[in-house]
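Q: In the order they appear, the protein sequences are chains Y and F. At position 36 of the first sequence the residue is numbered 39 (the numbering used here), and the sequence of numbers has no breaks. At position 26 of the second sequence the residue is numbered 29 (the numbering used here), and the sequence of numbers has no breaks.
Check the hints yourself; a few may be wrong.
Which copy is meant is left open, because identical chains are indistinguishable; a pair holds if it fits in one copy or across any two.
As the list claims (entries may be wrong) - Here are the simulated DMTMM-like cross-link-like pairs (lysine to aspartate or glutamate), alpha carbons at most 25 Å apart as the crow flies:
1) Lys90 to Glu111
2) Lys64 to Glu114
3) Lys90 to Glu132
4) Lys63 to Asp76
5) Lys63 to Glu92
6) Lys63 to Glu42
7) Lys116 to Glu77
8) Lys124 to Asp137
9) Lys116 to Glu153
10) Lys64 to Glu92
11) Lys116 to Asp137
12) Lys49 to Glu72
13) Lys116 to Glu68
14) Lys63 to Asp123
15) Lys41 to Asp123
If you are wondering where the hints come from, they were derived from the structure by calculation, not from laboratory data. Since we're looking at a predicted model, the values are computed, not measured.
There are 2 protein chains.
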Amino acid sequence: MKGKRIDLGHAECGIARALQIIGDWWSLLIIREAFGGKERFSEFQKSLGLARNILSTRLKKLVEEGIFEAVQDEGTSTRNRYVLTSKGEQLYIVLIALWQWGEHHCFEPSELKYSMVDRDKMLPLAALELRAQDGRILGPRGFRTAVRAELPTSSAKPPAAAKRTRTT
Amino acid sequence: MKGKRIDLGHAECGIARALQIIGDWWSLLIIREAFGGKERFSEFQKSLGLARNILSTRLKKLVEEGIFEAVQDEGTSTRNRYVLTSKGEQLYIVLIALWQWGEHHCFEPSELKYSMVDRDKMLPLAALELRAQDGRILGPRGFRTAVRAELPTSSAKPPAAAKRTRTT
Numbered sequence: 004m005k006g007k008r009i010d011l012g013h014a015e016c017g018i019a020r021a022l023q024i025i026g027d028w029w030s031l032l033i034i035r036e037a038f039g040g041k042e043r044f045s046e047f048q049k050s051l052g053l054a055r056n057i058l059s060t061r062l063k064k065l066v067e068e069g070i071f072e073a074v075q076d077e078g079t080s081t082r083n084r085y086v087l088t089s090k091g092e093q094l095y096i097v098l099i100a101l102w103q104w105g106e107h108h109c110f111e112p113s114e115l116k117y118s119m120v121d122r123d124k125m126l127p128l129a130a131l132e133l134r135a136q137d138g139r140i141l142g143p144r145g146f147r148t149a150v151r152a153e154l155p156t157s158s159a160k161p162p163a164a165a166k167r168t169r170t171t
Numbered sequence: 004m005k006g007k008r009i010d011l012g013h014a015e016c017g018i019a020r021a022l023q024i025i026g027d028w029w030s031l032l033i034i035r036e037a038f039g040g041k042e043r044f045s046e047f048q049k050s051l052g053l054a055r056n057i058l059s060t061r062l063k064k065l066v067e068e069g070i071f072e073a074v075q076d077e078g079t080s081t082r083n084r085y086v087l088t089s090k091g092e093q094l095y096i097v098l099i100a101l102w103q104w105g106e107h108h109c110f111e112p113s114e115l116k117y118s119m120v121d122r123d124k125m126l127p128l129a130a131l132e133l134r135a136q137d138g139r140i141l142g143p144r145g146f147r148t149a150v151r152a153e154l155p156t157s158s159a160k161p162p163a164a165a166k167r168t169r170t171t
């Protein structure tokens with residue numbers, strides 16, 4: 004382990020499989036663990052099995068970047084809990100996008116042991132869909148980047164804040 | 004440059020800013036360029052400004068992983084075009100998720116120079132939303148992983164194939 008990239012290619016997690024292809028993603032894996040309820044250095048270390056110095060460096064950076072808040076652990080003066088900030092929590096769409104891509108493209112059906120489910124009903128999530136403002140579903144060639152200053156004034160606004168309000 | 008991480012923190016692209024925080028994402032940046040129409044080694048090299056040996060290694064790996072297909076360039080016997088496969092194209096949801104997160108959390112409004120728009124109407128995209136199978140919008144705490152074998156039989160199926168059909 005100790006700083007060397009571990010082989011995530013056979014991990015049970017769709018995200019991990021996608022990361023094996025896409026790059027060095029310790030930070031997102033730490034964030035994934037936080038979504039699963041992990042908060043303490045020792046918990047991250049145990050579940051991810053990465054070297055203490057690497058975990059320490061990544062957590063420090065993630066705190067600096069405003070993804071985690073370090074909160075002093077109750078009853079200790081030295082240990083922290085690492086709690087996702089709102090900014091960190093909003094990475095859930097990235098995690099789900101990776102999970103769904105990995106699940107769809109990096110597993111044989113018989114290999115799938117875990118599903119991402121709706122917490123209330125324990126049913127698999129719907130696939131993420133990209134939509135235009137008028138609700139049309141867009142495919143992989145349905146979008147492009149554009150210079151904001153060249154768009155009609157009314158289109159230069161970011162997607163409406165209301166669209167970011169979610170129920171849970 | 005030459006193998007050293009470049010500073011993407013002030014790039015104009017929401018994805019690049021997210022990557023600065025999240026990790027080493029050359030591969031996704033190469034894929035982003037492919038969505039923008041780049042196909043040739045020299046085009047990727049010019050637009051990303053990364054060292055030839057790094058680009059070469061990444062492209063080789065991405066071909067091996069089935070993200071790109073290497074197609075011999077017309078009129079030459081040595082050069083390839085790198086064309087996204089269907090598997091590669093399906094990473095668009097990941098790219099958009101990163102873009103939207105980066106745009107929302109890593110820019111001041113006045114810094115935003117580019118938008119991701121619907122190619123037909125040139126209007127900004129709707130924000131990606133995570134939904135349950137029954138259509139409820141789920142927030143960052145609205146999902147969890149579950150062991151497939153412990154789910155009701157009807158829920159153990161992956162999201163319906165029809166949901167993956169998109170119009171463009």
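Q: For every hint, state whether the structure bears it out.
A: Evaluation of the provided hints:
1. Lys90 to Glu111: This pair counts as between: shortest inter-copy Cα distance 14 Å, intra-copy 34 Å.
2. Lys64 to Glu114: between (34 Å within a copy, 23 Å between copies)
3. Lys90 to Glu132: both (22 Å within a copy, 16 Å between copies)
4. Lys63 to Asp76: within (16 Å within a copy, 46 Å between copies)
5. Lys63 to Glu92: Classified as within: same-chain Cα gap 17 Å, cross-chain 34 Å, threshold 25 Å.
6. Lys63 to Glu42: within (14 Å within a copy, 38 Å between copies)
7. Lys116 to Glu77: This pair counts as neither: shortest intra-copy Cα distance 36 Å, inter-copy 45 Å.
8. Lys124 to Asp137: Answer is between: at 10 Å across copies they meet the 25 Å cutoff, but 29 Å inside does not.
9. Lys116 to Glu153: Answer is between; shortest inter-copy Cα gap is 10 Å, intra-copy 48 Å.
10. Lys64 to Glu92: Close inside one copy (16 Å), not across copies (31 Å); limit 25 Å.
11. Lys116 to Asp137: Between copies only: 23 Å across, 37 Å inside.
12. Lys49 to Glu72: within (20 Å within a copy, 39 Å between copies)
13. Lys116 to Glu68: between (33 Å within a copy, 22 Å between copies)
14. Lys63 to Asp123: Answer is neither: 33 Å inside a copy and 43 Å across each miss the 25 Å cutoff.
15. Lys41 to Asp123: This pair counts as within: shortest intra-copy Cα distance 20 Å, inter-copy 43 Å.
The structure fails to meet hints 7, 14 from the earlier list, while all remaining hints are met.
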